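With full-length UniProt numbering, letter number 27 in the sequence shown gets 27, and the count goes up by one each step, no holes.
Careful: at least some of the hints might be erroneous.
Computed beta-carbon distance windows for the label pairs [as the list claims (entries may be wrong)]:
id, residue 1, residue 2, range
1, G158, H124, 41 to 49 Å
2, R61, G145, 26 to 34 Å
3, T64, T114, 15 to 23 Å
4, V37, G57, 20 to 28 Å
5, R69, V148, 26 to 34 Å
Bear in mind the hints are in silico, worked out from the structure with no lab data behind them.
These figures come from a predicted structure and were not determined experimentally.
Virtual Cβ for every residue (Gly too), placed ideally from N, Cα, C.
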Amino acid sequence: MYRVYASPQRLLCGCNLTLLRRFNLSLLAPLRLFMMVVYFTALVCAADGSDAMIRDGSLARGYTDSDYRFLRRTTDGCLAGSFICLFFNCWGVVTARTLRSGLMNIIHSCCHATAAVLLITAWHQGAGAEHIWHIFYIFGIIPTGLEVAALVESYCRGMDNFF
């Protein structure tokens, strides 16, 4: 009969600290989930205040209704694209295919935190709606492209051996 011995537990000052050994699981994955919620909340706030952003920050005095409708449609498209990008990021988390990658967790946490801060700042300052587009391009499309590439690679490698 074969016996498999477990490795001895590492003790640091008499305590078994797994934080240093499992940094991704104990800190980065919850941080990524929290930043996704913060980014979602910022998107909802920006969607709610986008009308004031369009009227106060983007349109000149004496604007026509067609100018407003154009900016309203483009802003709605940008916000819808941001929600779709967030859905793809959530898909990688829900299926746990990219949640195990520490680098992806760091990238997404930083991008979601930065996008949330910039969206709330633009919403609070009454900046123009074009700032939402810049935030969407940089902090929405690039991380989602990385997420989609990681998901495609994960699905191509098979269900049992990912990350």
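Evaluated hints:
1. G158 x H124: 41 to 49 Å: 47 Å, holds
2. R61 x G145: 26 to 34 Å: Since the Cβ atoms of R61 and G145 sit about 39 Å apart, the hinted range of 26 to 34 Å is violated.
3. T64 x T114: 15 to 23 Å: Once the Cβ atoms are compared, 35 Å apart, the range 15 to 23 Å for T114 and T64 is violated.
4. V37 x G57: 20 to 28 Å: 27 Å, holds
5. R69 x V148: 26 to 34 Å: Given about 32 Å between the Cβ atoms, the range holds.
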